[in-house]
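Visitor: Protein sequences, first through last, are from chains X and D. Under our numbering, the residues of the first sequence are numbered 1 to 314, in order. Under our numbering, the residues of the second sequence are numbered 315 to 584, in order.
Keep in mind that the hints are not guaranteed to be accurate.
Said to hold, decoys possible - Lysine-lysine pairs mimicking DSBU-like chemistry, simulated, CA-CA at most 35 angstroms apart:
(1) D:350 - D:319
(2) D:441 - X:224
(3) D:377 - D:350
(4) D:319 - D:381
(5) X:212 - X:78
(6) X:165 - D:413
(7) D:413 - X:307
(8) X:224 - X:78
(9) X:307 - X:117
(10) X:224 - X:165
(11) X:122 - D:319
(12) D:413 - X:122
(13) D:319 - X:117
(14) D:381 - X:165
(15) X:78 - D:441
(16) X:212 - D:377
(17) D:319 - D:377
(18) X:122 - X:212
Unchecked claim - From the structure, some residues in chain D lie toward chain X, with a derived Cβ separation under 10 angstroms:
(19) 331
(20) 357
(21) 358
(22) 359
(23) 397
(24) 443
(25) 572
Source of the hints: derived by calculation from the structure; they are not laboratory data. The beta carbon of each residue, even a glycine, is placed where N, CA and C say it ideally should be.
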Amino acid sequence: MNAVHVGKGKEEGAKPRLRFARLANSSVFVGYLFVAPIILLMACWFYYPLLRSFLYSFQDINFLNPSAARFIGLDNYKGILQDPDFWNAFRNSALLTVIAVPLQSMIALIIAVGLNKVIRMKGVFRTLYYMPYITSTIAVTTVFMYLFMQQDGIATRFFHLFGLKDVSWYASVTYALPFLIILTVWTYVGFYVVIYLGGLQTIPSDVYESSKVDGANVWQQFWKITVPMLRPTTFLVLTSGIIYVMQVFDQPYALARNGSLGSPAGATSTIVVYFYSQAFSYNRAGYGSAAAFIIFTLIVAATLIQKRFTREDI
Amino acid sequence: MDNRKSQWLRYTLLTICSLVFVVPFGYALYTSLLSKADIDKLVALNRLTWTNYSDVLLHSDIKIWYKNSIIVTLGILIGNLFINTTAAYSLARLRYPGKALIFFLIIGMMMVPYQVTIIPIYSMIVKLGWLNSYEGLILPFLFQGFLVFLMRQFFITIPRELEEAAEVDGVTKIGIFFRIILPLSRGAIGTQIIFSYTGTWNSFVWPVTLVNDSRMYVLTVGLNTLKNRYFEWPNLTMTGVILLTIPIIIVFLIFQRHLVQGIATTGLKG
């Protein structure tokens, strides 16, 4: 096939350098060589723990005394499903998902459509919208706690104008979840703006031009062209939105300050907060593992249901 | 509505929207420059002061947290670049038995939330004596399924002819990867850098779980304790916020065009 092959055949194994050259040219050898590090690391730090966690979830096992572990079948799973704290966390996560995901997707779509046709400063705006997403969740939560503080918080004062109470939102049982929703939407909108901008580029501009000839106005163009043609992008935005929002953890952790996780009074306890406090505040490795697999199942289920809905729409 | 008018309308709306995104950053920066007496007041520019920065830098452990964050982020970044990129090239271009299974195992990791592995990993780290150590904060995170996927998506778009021409010239498979493919992949590597860097720099749940000695805190965990301790002094906590955020914004501004490209190639083609 080529010069190297001929040369190799003649002096096979003659010099170490050539032997190496032959190995370096073997698809099989180089292929395995290049995936070997990730296979080793994955086995140690992903698949082995995954298997262990699955086994833990059927055991009564505690971090403080792991040798006293015993098999208890489905008791952990049953215990979780009978725990009112779990259902409170489930309700919070469900509310967060059902409100924050559509809200952030809609705002992102509107901003992206506005930004798409802009000629100057497009990059500047995009950067501004994207910044919250790359900023540490702990930093963002810290800033928002001051913005939503009683009396002095800018946002509290703003919303007070519209008749909302003058309280520290993060410490109020009624306002803490809305606070978490605002925080989430603010953080993720910019990410979805960038994704929608990518999607808008895939719509050929002559579709808009010919619809203009047919007398369609901007509003009709938006509903009849932009929205339907962005359906694959919207699927991506909703799916990844659901996955992110169901994983919310840092924000409730930070706003609880030195109080117990999910403060005030469990108002910001999400399913991941529930998981974490079972596992690491109460040291219940087995019970926590079962909670982890329940979260995993919920995420898969939410994605599948969502997929079903977008499909039926088409 | 003529074109000019519609452009103006767009700019006005976009500017109002961006205010919502800018105000919290502006608040943090402004408050970090206030003296204790001026907290929650609107003051003239000449009353702003840098003393909070010198106070925080001198009287808290923030310098150590910075060092820890830099070591951990660089360690993971270098590992990620090396391990994910070689794996992705192998999956995109080389032929060998079992490749489909390996691909499935790598991509499969993307669907599994971290809660499912963090408990056993915590026990493993404890058993290895790696609690409060760089090993514990770096080694489990050297690879990332998503970044392998991202690089693979990029590699399959490179025309095969380039590699075939190099092969004719007698370049080995390893040589092709280092001398032909890598120089062509600067954009994709830029994307990988920004994802890996921002993800590690901002990560919180792992370092807060695997470290309990304040001298081994990374910045995010440090800021959280700083906030809890000095919550009554927003000028100090906002200084912490700015110090944590500045490095990420600098790197983001340098690599941001790669990020946009990266989202476009993985998100939409994949």
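Visitor: Are the hints correct? Go through all of them and say.
Guide: The hints, checked one at a time:
{"no.": "1", "hint": "D:350 - D:319", "result": "violated, 47 angstroms"}
{"no.": "2", "hint": "D:441 - X:224", "result": "violated, 60 angstroms"}
{"no.": "3", "hint": "D:377 - D:350", "result": "holds, 22 angstroms"}
{"no.": "4", "hint": "D:319 - D:381", "result": "violated, 52 angstroms"}
{"no.": "5", "hint": "X:212 - X:78", "result": "violated, 60 angstroms"}
{"no.": "6", "hint": "X:165 - D:413", "result": "violated, 60 angstroms"}
{"no.": "7", "hint": "D:413 - X:307", "result": "holds, 28 angstroms"}
{"no.": "8", "hint": "X:224 - X:78", "result": "violated, 48 angstroms"}
{"no.": "9", "hint": "X:307 - X:117", "result": "holds, 30 angstroms"}
{"no.": "10", "hint": "X:224 - X:165", "result": "violated, 41 angstroms"}
{"no.": "11", "hint": "X:122 - D:319", "result": "holds, 17 angstroms"}
{"no.": "12", "hint": "D:413 - X:122", "result": "violated, 42 angstroms"}
{"no.": "13", "hint": "D:319 - X:117", "result": "holds, 13 angstroms"}
{"no.": "14", "hint": "D:381 - X:165", "result": "violated, 43 angstroms"}
{"no.": "15", "hint": "X:78 - D:441", "result": "holds, 30 angstroms"}
{"no.": "16", "hint": "X:212 - D:377", "result": "violated, 60 angstroms"}
{"no.": "17", "hint": "D:319 - D:377", "result": "violated, 52 angstroms"}
{"no.": "18", "hint": "X:122 - X:212", "result": "holds, 24 angstroms"}
{"no.": "19", "hint": "331", "result": "holds, 6 angstroms"}
{"no.": "20", "hint": "357", "result": "violated, 15 angstroms"}
{"no.": "21", "hint": "358", "result": "violated, 19 angstroms"}
{"no.": "22", "hint": "359", "result": "violated, 19 angstroms"}
{"no.": "23", "hint": "397", "result": "holds, 5 angstroms"}
{"no.": "24", "hint": "443", "result": "violated, 16 angstroms"}
{"no.": "25", "hint": "572", "result": "violated, 12 angstroms"}
Checked against the numbered hints given earlier, this structure breaks hints 1, 2, 4, 5, 6, 8, 10, 12, 14, 16, 17, 20, 21, 22, 24 and 25; the rest are met.
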